[in-house]
Amino acid sequence: MKLPLGWLAEFVDIGADTAALCEVLTMGGLEVDAVEERSQGLAGVVVGKIVAIEPHPNGDRLQVCRVDAGAGDPLSVVCGAANARRGLRVAFARDGATLPNGARIGTTEVRGVSSAGMLCSEAELGLADQSDGILELPGKAPIGKDVSEYLGARDTIVELSITPNRGDCLSILGLAREVALLTGVRLRTHRPKVKEKGAAAAAEVSVRIDEAGACRRYAARVIRGVAVGASPMWVRLRLEAAGMRSVNNIVDATNYVMLERGQPLHAFDLAKLQQREIVVRRAGSTDAMQTLDGMVRALVSDDLLITTGDEALAIAGVMGGADSEVTDATTDLLLESAWFDPSSVRQTSKRLDLKSEAAYRFERSVDVEGVVDALDAVAALIATLAGGEIAPGVVDCYPGRREAEPITLRPERVSALLGTEIARSEVRRSVKALGAKVEKADGGALAVYPPTFRSDLVREIDLIEEVARVHGYGEIPTRMPVKQIASGEVPLRMQLAQRIRTVLQGLGFSELVGLAFASEQRNQLFPGTNTTGRGTRLLNPIASDEPELRRSLLTSVVAMWRLNRNQGAGAIAGYSIGKVYWHDGESREGWRVAGVLAGQMPTLGLGTRRPPDFGDAKGVLEQVFEELHVVDRISWVTESTLDSFHPGKTACVHIDGRPVGILGALHPEAEVTLDLDGAHWLFEIDLDAVVKLEVPPLRYAGLPRYPSVVRDLALVVDGDFHSGEISRFVCNWNPDLVEDVYLFDEYVGSPIAPGQKSLAYSIAFRAVDRTLTDEEVNGLQEQLMAALEQEYSVKQR
Amino acid sequence: MKEDLENIRAAALRDLETAETESAIEEIRVRYLGRKGELTAVLRGMGKVSPEERPAMGALVNRIKQEVEGGIGTSLDRARAAERSRRVASERIDVTVPGRRPQLGRIHPLTQITNELVGVFVGLGFSVAEGPEVEDDYHNFEALNFPADHPARDMQDTLFVEGGRVMRTHTSPVQIRVMEERKPPLQVIATGATYRHDSDATHSPMFHQIEGFMVDQGITFADLKGVLTRAVRELFAADCPVRLRPSFFPFTEPSAELDIGCFACGAAGGACRMCKGTGWIEVLGSGMIDPNVFEAVGYDPEQVSGFAFGIGVERIAMLKYEIDDIRLFFGNDLRFLEQF
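Line by line, the protein sequences are chains V and Z.
1 is the number of the first residue of the first sequence in the numbering used here; add one for each residue after it.
798 is the number of the first residue of the second sequence in the numbering used here; add one for each residue after it.
Calculated directly from the structure, the hints in this document are not laboratory data.
Where a beta carbon is used, it is the ideal one built from N, C-alpha and C, also for glycine.
It is possible that part of the hints are untrue.
Have a look at the derived ranges for each label pair, beta carbon to beta carbon [said to hold, decoys possible]: (1) V:245 - Z:934: 34 to 44 Å; (2) V:408 - Z:1130: 37 to 47 Å; (3) Z:815 - V:705: 48 to 58 Å; (4) V:245 - Z:1070: 26 to 36 Å; (5) V:159 - Z:1130: 47 to 57 Å; (6) V:753 - Z:841: 53 to 63 Å; (7) Z:893 - V:159: 53 to 63 Å; (8) V:545 - Z:893: 47 to 57 Å; (9) V:768 - Z:1031: 47 to 57 Å; (10) Z:895 - V:36: 47 to 57 Å; (11) V:764 - Z:1124: 47 to 57 Å; (12) V:797 - Z:842: 25 to 35 Å.
Straight line, CA to CA, 27 Å or less: simulated DSSO-like cross-link-like pairs of lysine-lysine [stated by the list, open to error]: (13) Z:799 - Z:862; (14) V:483 - Z:799; (15) Z:799 - Z:845; (16) V:197 - V:140; (17) Z:845 - Z:862; (18) Z:1073 - V:2.
Here are a few chain V residues that face chain Z, going by a calculated C-beta distance under 10 Å [as the list claims (entries may be wrong)]: (19) 164; (20) 166; (21) 342; (22) 344; (23) 406; (24) 407; (25) 461; (26) 473; (27) 509; (28) 512; (29) 549; (30) 569; (31) 583; (32) 693.
One chain only, chain Z, in its complex shape (with noise of 0.2 Å):
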């Protein structure tokens, strides 16, 4: 008995070594150690062996029994370290097909250009307002000191609306609006669509504004200069020449435009495009508030000056992105709008 223990050992290591899968290891297992197996088979007949001789026997099975499980263990490992290197070995995709990709929407670019205005001022610490876009004439015109028959209307050239309302032609009135409700200090900025009755490829009549102002006790034109000149420089150039000129809004007095050095000939004029030679682009109208203004909403002109300022989102975006043509920001062509 003792002899046929060993044979089976003997033989079922012998299978083991040369078991190279999952599936002929298995086999051995089921021939060996299953419950037909041989040396289940061998175990069953322990019942003719002497009570004496059984310990010994029964300790030689076990002992047997652990060899050849421990003999599969190593197999396996063999068998499935072979079968990993197969599969390296074998498997290979296409890295060069497409990737399936789910579609990107884009934010649109006067979006994006508005966010990017938005998140400079409010880190300034203005606030966003927002007002209505159908007005009467006092928000829009009257209160922003433009006297009815004033040459300052034909600045802006109007769409009226029945009722005697008017699209809003800036978005100056929710100065007004926001002034009329709440006191200084006051730092407010307000975005949105506006209107004027105008349309070729460089005015929309429909547009966006960001309007801001400033209003406290002993506001100046240099913290008009100050604040400005941060933004401008967040927004193009950290380093960008800026100057401010004299203007005129009606609103605002003094008024000034506000130039940065032409990103696109660095400052140096001569046949550049982008600023017609001049070495400057305007990016902003501004100005102080006007004392008129502050009167209108009940504000003292002696007790509390401000700023406010004016921004074209289509112009920035127009001389960011190089568009030459502002109906493109309307038309919604997706090959216009997924290069954003």
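The shape of chain V in the complex, shown without the other chains (with noise of 0.2 Å):
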């Protein structure tokens, strides 16, 4: 909402600190978002008075005019419109001054006469976009004042933040009542005055409202014989100041008053209308009109129109119809204000994606016992801008009065809700400044009944969020709340995403958080991990290639590779902690771990740069799995599901068996459509089943007594044998004197037979009571190897 302040002070007194001014309207709930001084760019232009005015000896259409500017002498100034004569009051670009163009006006020489500035038009001023001749200005206008202060184009306009409970703050007067009730000054009302004259209202036409409940009040008011013109200055000015553009003196008219009090109003050529009577009806089987801005509107029965007979002459409260558009030829007026029910409004101006100023009133909810003020405001101005007489008499139809119900307001209630003492004396006062009547209620209790203007007050903390807005926020203490001491605790998810990232950032991988949105195509390529379904579907995605929610967090990952690939990154070790959706018939979403590993291993300083291998990625969910203590409990199975994934170069990640997870490179043709290579490792854990594991709780083992005694074993194997069987069995085998395994070594070439490799486990074998011998352990190793043989037909090298 724009506020001009120059409109404003009409209203009420508000001193000549903006500033202040800004600050009583944010601490009183209207925030102040911008303050524009505006100037229309004109400087140095004053009111100048031609004192004389004769023929330039060099020019037949030119004249020389001796204008007083109010300081010294009068001086020459050299014109070439007609209407420069003796006498007038003009607009006088001194030597120096700017107008809105840019231009820098000076004294020059035209054809050989001095002139020290120019007189200028209206459209030289910006005041309007083409004009004829120099501006008048009235006579009384002061010789030598600024002219845009004159004509009100310098005004500073507050910008405010209306929240959309206070439809009441969307006035002039509106506002000025809020900064009287918030500085405790007085505020300027004045009802308006209507000459009437000539055959009454209510003899041309008639009112009729079918649905009282959307329409609960409308009135209508006629005139005749206006002239439909051009609007004069100051009504231009202040519309525009408002953000509003001008129309003709007709339509001005309506948007003037409804900036100035609130209320939405319109203006119909009588004479187009086909009958006269006015019905307030839903559209019904009208399935159509065309509006004022030309378009054609397709209705639904349930919208609410402004009829005669079968014609539908507006949308109601949204906007007016072209068949009875105000025109040139205009001479009769039927003039609309009334009340229409926000939702209703709401619904039609929403379903049309139409958004007027009248619309944006009318759902935030205008004053019904303001309408009639409104009404005679507007006619009284039509009268004065464009002429004609106001036809006697309102013709009020107001089915929807309400008789005014009271608010109990219990001032030991405003005190315990506040948590500090408000005398019920102050109570009262701040109810009453709000404009609201108050009476005793039962129990010492406030009956309150609230301004119509205000129909957000409806309930008893309404009143109290008021009296506390009166009485001042800052006024109310700051305490600690007293209560029993409880810690806060955090979801064992978020605690585990903790751990996850605690250990990820020391391995080198960045934490990335990426935008849920993903096209179906990411989706098919990424469909996530313990995901079913399809993707969710958004009704009105941001952008139109990415209607659906990620399955996978890899959608991200994978995005936040490329970007750091096309950056040129050298490593590039990234990791996510976030939400997938997927929908089953219901939406479902759950939480996911994915990363990338790629470009070059994440390690500075010398030394050789090397891509990472997949036991550097498998390394790194190791130990995120050795933090959750169930490291033991993993397995790497080779059956990748997923077509996006290198069948040879990926695997699934079990715990106790269940699937959880996946670690692999990109499937080659997904490389290609991702326009991606080069060395890589993607990974996603399903969070969630991380979190419902059982993970006994921790308990010391004493440290072992006896020391162990390590021997390695070399094996020779197929080639596409997996090391881990060995390590596995090895571990299974004798579990009281086999403490560790490792692979150590793995060797292919001569002298290994092509097709086979070499395995090299380093082996530990203690006892708990005991030390081993070495008799003891060199025939553990001999039935070691007897069973591997007899498991694996495997021979020790």
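Fit the two chains together into the complex; they arrive one by one in their own frames, and the hints show the way.
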């Protein structure tokens, strides 16, 4: 809402300090967004008077004017305008003035005669697109006064964010009421004076409301014999300052009064009405009409219309119809001022995607008791701007009149909720200052009748808020609540996520956060871990190429990889912990952890750069599971179910035999699709599945008292043999004496036969109750080897 | 024989005197005390010594052996010390070579701010709750006192999901879900992603909020001021000015925006870009929970009261780190992430 302070000052004294006023408004809940000083780019243009005029000696159309600008002797100014004449008050751009188009005015010579400035037209002053001759100012315009100030073109405009509950503040008058309330000054209001003449309006038109719920009141006036034309400058300037454009004096008058009083108004060309009974009804079978903006609007049966006969005149509260539009030829008007149901207006306006200043105000509710005042104000203004006679009487159809219902306000409730003692007298004073009528109610409570313009005040709590606002939030004490001491708890999922972050951070992975949106193609490529069904669809996606929610975090991870590859990053190690979504008849969502290791290994400094291999990526995940104390329950399985992954370079991750994730490289076809290449590893783990795992509480295990004996064992196996088989077998073979086993070398080549490889394991033997002797260990090793040969047909190297 | 022994002793000690390296000393040890060494050779000749002389000679050999061994020890200590000196004098590294740094990953700035906020509120006794991001209209709007067709819904431009659902526009539905399941006293925060149909330099369609609420008997607006003042002072500065001003949220009444004194200009205003010259920066929205919300979850608003608040994580991060484009958070450029 744009608030021109010059306009506001007509209703309330605001003082000279704009910053102080803004502070008052902001602290009263009317947040100031911006303050704009408007001068139209005019500077140095003053009111001048042509005291003498004579023809230019060298130019037949030019004249030389002697202009009194209020200071010193009259100056000579050359002017070509036909309407320049002696005695005329003009806008005189002196030497040094600037005009809205940026022109600087100086003293020049025009065909041999010196000219100390310029007499300006409306167009030159930026007040009109085009104009004939120079601007003629009224005879009372004070000589020497700044023209922009005199015209009201110079003003301070305060832009406010009005919250949706405060429809009453969408007007100059409404904001003036707030300023009066918050600063304690008096509000100057005036009832419009209407001079009526001719035949009564009721003799010409009648109003019928079929939907009293949707239209509580409809008031109309008739004006005959107006002359449609341009508005005077002061009207145009004010409309512009408040953010609206001038159309003609009739439309401008309706907008002017709307801006001033918050009541949307409409003028119909009376002659274009087929019948003289206005009916407010639902559209029913009327399925379309053309609105003022020239568009044909499709209607639904619930839309509220203003009609005569079978003709739709307007979409109630949203926009007038083209057929009854005021044109230059219009002479007689029907003026409408009404109350339409906020929800009804909003539904129609939203469905048609048709936003108007009127609909905006109706949606936030207008003052049903202010309808006739606004109608009188606009009639009076039209009579001033466009002449005509106002027909006597208001045709006021008001089926929605309601008895004022009091709100019970308990002063002790105010104090109890705000946490500070506020005296009954202050509570009473505060609500009275809002314009409410206050009576005594039972039990020391107050019966409050809020003013009709405050339709947001319907419950006790609404009044309590008002008392707090008038009292000042700053006056309420700042206190810590007294309560039983309890510590805050953090859900296990968040705790585990935090531990995973810590591990991955230490291993060089940076956390990324991606938007949750995905294309159908990406969701097909990465259908996710432990998700079913299909991607969840958005009805109004931000981007049409991403109409779904991601099923897999890999969508975000891959985007991060590509972006950083394109930026020339050497090592790309990133992960994300976030939500994925799928739809299996119901909308589902779950937490996942996913990451990428690509480019180079994330190590800086001297030495060889190398791309990451599978072991690097697997080691990262193993360390994550180590931190979560489940690493011993993990198995790596080579049956990839995802087409987008390389079948020979991908592992499914199982915990306790159930799939929880994937680690691998993209299928070469997917690399092409994604425009990615080079060594890389991607993983995704179902965090929800990990959170659900039962992890036994940690218990200290005694430190070993006897030494371990470490032996190496080299085996020759087939080339595609899975080394992990041996490790698992050895661990399970004699858990009492085999403490640890790990693969420390893998070798292919001579003297190993082609198609075979050598695996070298380091095995630690330890007994808890004694030192193992060499003989004992030799025996164990021989038995182990025999068992391995039998199980896997492998040979010792 | 005795003379031989004395000569050996003298020769050995003389040799040891000039020996400078461990290997030279070892050679000397072998030459005199080794299996084929000179002293050993003399010992082997003991058989020829008369039984009467044998004890004295034996003692002499042992004494000389000990003396030589002592000399070897001394020489070794000297040689080793000399070796250490030589190493100290000769060993030099280039301390300016770059460290071989295992890369340190970064926690996303939004996570860092979230963790900080969660830490502050958990410290004040709030527990963390979570809720779905794909919400139903009831929990996201209706129960929070946003009637259908109310202009308040325009405050939150909504992303609609098939099946009549919405992407939650705020974390406030978690309030409803927690209150539906539990009874007061409650002190809860909820964190997570939220969504609106909005995208520019200061609005991301996905952003993050921290929601909090406290419900009990006798909770007041003064308590709201107390808790939130404490929290923002922990987050920004212990002495930062705090003010509350009236605002509107459908689910709270009275509602308040909380501003802190601008830390960029010291609340002086003027031409400050951070606070647009007002001297104040808006950091969160809050208010007393509306009676309609309590009624929606089956609480009696005459019996319990409470306050709620919501904080935009991106907004706090942008203020703290002076980030001017919200899209940087979701671009995941490592050059950005590695600054945190």
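The hints, checked one at a time:
1. V:245 - Z:934: 34 to 44 Å: holds, 38 Å
2. V:408 - Z:1130: 37 to 47 Å: violated, 59 Å
3. Z:815 - V:705: 48 to 58 Å: Holds, at about 51 Å.
4. V:245 - Z:1070: 26 to 36 Å: For residue 1070 of chain Z against residue 245 of chain V, whose Cβ atoms are near 32 Å apart, the range 26 to 36 Å holds.
5. V:159 - Z:1130: 47 to 57 Å: violated, 35 Å
6. V:753 - Z:841: 53 to 63 Å: The hint (53 to 63 Å, Cβ to Cβ) holds, given that residue 753 of chain V and residue 841 of chain Z are roughly 59 Å apart.
7. Z:893 - V:159: 53 to 63 Å: holds, 58 Å
8. V:545 - Z:893: 47 to 57 Å: holds, 51 Å
9. V:768 - Z:1031: 47 to 57 Å: holds, 51 Å
10. Z:895 - V:36: 47 to 57 Å: Given about 55 Å between the Cβ atoms, the range holds.
11. V:764 - Z:1124: 47 to 57 Å: Since the Cβ atoms of residue 764 of chain V and residue 1124 of chain Z sit about 53 Å apart, the hinted range of 47 to 57 Å holds.
12. V:797 - Z:842: 25 to 35 Å: violated, 56 Å
13. Z:799 - Z:862: Holds: residue 799 of chain Z and residue 862 of chain Z sit about 13 Å apart, inside 27 Å.
14. V:483 - Z:799: With Cα atoms ~100 Å apart, residue 483 of chain V and residue 799 of chain Z exceed 27 Å; violated.
15. Z:799 - Z:845: Satisfied, since the Cα-Cα distance of roughly 13 Å is no more than 27 Å.
16. V:197 - V:140: violated, 31 Å
17. Z:845 - Z:862: With Cα atoms ~20 Å apart, residue 845 of chain Z and residue 862 of chain Z stay inside 27 Å; holds.
18. Z:1073 - V:2: With a Cα-Cα distance of about 18 Å, the restraint between residue 1073 of chain Z and residue 2 of chain V holds, given a limit of 27 Å.
19. 164: holds, 4 Å
20. 166: holds, 7 Å
21. 342: holds, 8 Å
22. 344: Holds - the Cβ of residue 344 of chain V comes within 10 Å of chain Z, reaching about 8 Å at its closest.
23. 406: Since chain Z brings no Cβ nearer than about 18 Å to residue 406 of chain V, farther than 10 Å, the hint is violated.
24. 407: Because about 13 Å separates residue 407 of chain V from the closest Cβ in chain Z, which is outside the 10 Å limit, the hint is violated.
25. 461: At about 5 Å, which falls below the 10 Å cut-off, the nearest Cβ of chain Z leaves the hint on residue 461 of chain V intact, so it holds.
26. 473: At 4 Å from the nearest chain Z Cβ, residue 473 of chain V passes the 10 Å test, so the hint holds.
27. 509: holds, 4 Å
28. 512: At 4 Å from the nearest chain Z Cβ, residue 512 of chain V passes the 10 Å test, so the hint holds.
29. 549: holds, 8 Å
30. 569: holds, 5 Å
31. 583: It holds, given that the least Cβ distance between residue 583 of chain V and chain Z is near 7 Å, below 10 Å.
32. 693: violated, 19 Å
In this structure, the earlier hints numbered 2, 5, 12, 14, 16, 23, 24 and 32 are contradicted, and the remaining ones agree with it.
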